[in-house]
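Chemist: Here is how the chains run, residue by residue.
2 protein chains.
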Amino acid sequence: MSDAIKKFQAHAGRIIRLNEAAGLLGWDQQTFMPPAAAESRAEQLATLSELIHEMSTSKEMGDLIASAEAETAALDPDSDEARTMKKARRDYDIATKLPTELVAEIARHETLSHEVWVKARQHADFAGFAPSLKKMFDLTRQKAECLGYTDHIYDALIDLYEPGMKHADVAKMFSEMKPGLVELTHAIADSSNPVDNSVVHGDFPGDKQREVTLKLIDAIGFDRKRGRQDEAAHPFCAGFNRNDVRLTTRIDPQYFSQAMYASLHEAGHGMYEQGSPEHFEGTVLAGGVSLGIHESQSRLWENLVGRSRAFVGWAFPMIQEAFPQKLGSVSSEQFYRAVNNVEPSLVRVEADEVTYNLHVLMRFELESAILSGKLDIDDLPDAWDTLSEQYLGIMPPDDGKGCLQDVHWSAGLIGYFPTYTLGNLVSGQIWNAINKALPDVNALMAKGEFAPILEWLRTNIHQHASKFEPSELILKATGEPLTSCYYVDYLTSKYSEIYSL
Amino acid sequence: MSDAIKKFQAHAGRIIRLNEAAGLLGWDQQTFMPPAAAESRAEQLATLSELIHEMSTSKEMGDLIASAEAETAALDPDSDEARTMKKARRDYDIATKLPTELVAEIARHETLSHEVWVKARQHADFAGFAPSLKKMFDLTRQKAECLGYTDHIYDALIDLYEPGMKHADVAKMFSEMKPGLVELTHAIADSSNPVDNSVVHGDFPGDKQREVTLKLIDAIGFDRKRGRQDEAAHPFCAGFNRNDVRLTTRIDPQYFSQAMYASLHEAGHGMYEQGSPEHFEGTVLAGGVSLGIHESQSRLWENLVGRSRAFVGWAFPMIQEAFPQKLGSVSSEQFYRAVNNVEPSLVRVEADEVTYNLHVLMRFELESAILSGKLDIDDLPDAWDTLSEQYLGIMPPDDGKGCLQDVHWSAGLIGYFPTYTLGNLVSGQIWNAINKALPDVNALMAKGEFAPILEWLRTNIHQHASKFEPSELILKATGEPLTSCYYVDYLTSKYSEIYSL
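Protein sequence lines correspond, in order, to chains A and B.
Each residue of the first sequence is one higher than the last, beginning at 1 in our numbering.
Each residue of the second sequence is one higher than the last, beginning at 1 in our numbering.
No wet-lab data here; the hints were simulated from the structure.
Just so you know, nobody snuck in bad clues.
Same chains, same names: a pair is fine if it fits in one copy or spans any two.
Using 25 Å as the maximum straight-line C-alpha spacing, the simulated SDA-like pairs for lysine to any residue come out as follows:
| # | residue 1 | residue 2 |
| --- | --- | --- |
| 1 | Lys178 | Pro396 |
| 2 | Lys208 | Phe32 |
| 3 | Lys119 | Glu278 |
| 4 | Lys225 | Glu115 |
| 5 | Lys59 | His11 |
| 6 | Lys6 | Ala38 |
| 7 | Lys225 | Glu39 |
All values reported here derive from a predicted model rather than from experimental measurement.
So here's chain A without its partners, still in its complex pose (with noise of 0.2 Å):
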């Protein structure tokens, strides 16, 4: 490795741990601490955050990825060191055009508006929760005017969260899909073999929940020496480095599968992040590469294995055995219908697979309404219901279980929504190539063993962390670019068994 690269590698080195230190104080923050330190925790994250953006954007690193680039110009271009340089380039020109002020103010803001959401939500009160909103959408306004754009203001926030990604792609994404998606909706509605979830409401201690979904995560592969799970009010994975992946998940006394999948879901992030190769290791190239190929990572692990018979053939009798009031005189069969109910619902993180890709469309269009300045923050709980009639069939009681729901623009997440639906697709997409390698692989779930499904993942997606473009990462797994037909065929086919449609 070149002297410049390694001066390069050391200053950038110092950032990734400032990064993972604010990393901590975020998850410390939706777990752990006491309400009342709320001030003083946005107060040490704006420090951090402006640091860690004085540190990116001072000319010291401007000069070390200069020389650094001056001498990989002659490397070959898919070689490590030319991949972390191109890298290095991209984020430097992003957070060159963002200034320090600017972003200690989003980082402020993003933990008052974070607690303020936390109560409006706890109490249904939108109007409790607007003025930070609109300050947020304000903000992140001001980002995307700042980052730059051509087409739609959109283009600018999405590109941050999936690289070259934009609302016009979004937008034909969605397009593509609800058609295939409504017409198989209408056909579960119109079903003469609809599905009884009863099994998986009612009495399920939590500290039996706790215990099986560790078993679970345990099981498919995730490594509790280098992570851990603990209980937070909107299930997240935070992965700090390989050697510490932090899940939450939600327990509700009264409804298991809740649990069960959101465990699955963020296990499946943490695996990505625990896959990335040693040698990436406190690099810009360590990590996972965007949230759409996160996202398939999570809902590989959480649907299209979670959710498939094979693997609730396996999972339960151990579910059964924790809980036997509930579940005593429950088939296996019974149970994997009822976790592959499909029924419009309110609250995104709880949607079956069929309907969820609607909730992330109705966020999409109000964000991108928000952001063109065609809906106001204030007319949002009206627009959100009216969406949700049209979409779901269904009216939020209140804005808690509505426009609340979510903690992303609480967090300053605006423009991220449409990579869920894009993880979506990579899952089926990968899936299919997986079913592929290993022909078997439905019989290897029913005996419980995930770990040539994990090698797959480690060799194809995983070990390549951040080295690759999304694009690129797709292609070379799966050999064929994004398509959305793997997922809809997955789940056409899928749903019209379990229907009989």
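Assemble the complex: chain A is given as a structure, and chain B must be docked to it using the hints.
Modeler: What follows is chain B alone, placed relative to chain A:
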């Protein structure tokens, strides 16, 4: 407030927030961090520590202090502004003596050596810890040389924890106390009315211990909206600021009073931090002034309050209700005697009030000898065992219960132990003052009314935070300079009654 002070406060405020962030990383390391994350945590802390040191010792900081000093020179020397700059000057002078690389190396080694110690202690494997400990003492010696001293290398270190105190002062303090303590210990050993402490040993389910300790710390006034209690191998209190104070306790399901008194002790530290006034928040005057004063608060709540007959009389019915099988037929008086058993034991944190200071004396003598080159690390286990036999009359069965028992040296806390004994003396002197101010303090405690005690501490100790030096604060609060007589008198009178001397 002058412009120069404001500018200084803004710069110092950023450093304080970074210190708080580092504090959280340290807390997490001892509570929830996955084991494999130790190395990256060391890097994160080293990076933060480097940055903090750079910012604390920069020319900018020197200039800001000098300008602010010029503007405060004419102010009342006891004004907040003048005291702020006095404290800032002391901190700056100490920090500028330490090279950034040394500070970073110490921070990095602290984290790694802590992990090594955890394992070594578990397996009573001193040889496994010795190289880390050697390096820690070497680094500490380098640190002391940078800081400078006249009489004894120890002076440079203890001054960091207890401003103004010297090796000779500590030696004198111990020589004054030793005869009285030894006499009392012997008299107790010969007592015809020995204590039976079997009632605090046995089956005390962990969950119930957690509940009871929370009730106790709530009752004495620890505010859990501004803090929390978790578990750790070595109980500690990490107070990041008045609104975020983390306690830990240690739960042994076969021994109740350890958790009870660890919780009261750490809550004593915690309430001191929570009592730091709001107008000092985010400034150099916030938080406890020294370790000795801090320890006076923890020992006061643990012992002077928590081990009093009045406190036990109030708490016992609640404790009895939590452990009906074990304590159903035990009387409050039996429990009171049991938690005041005096018996030389191996582990400092479990030691009684009378022999506790002998544990501290041992450590003071050993670390002094290592620092001044009179004792080799490899000979530490033997030297430890010899002193243990000499002072306590007992020999550790292995190094896990001997020289590996304390976290301190592994964490670079060398020159720190004497502040425990100093804390005891101050607690005795404060308790005497409280008894004068609140003649019915025993009656209040018997009713579970602890607010007047906390109120006295808030007014006379906590509200001053770090504004005054320890010796000034003791004089202000109690009307006289530090003396050991109140503490020795307290011990003699209390234990003469218990042991019918």
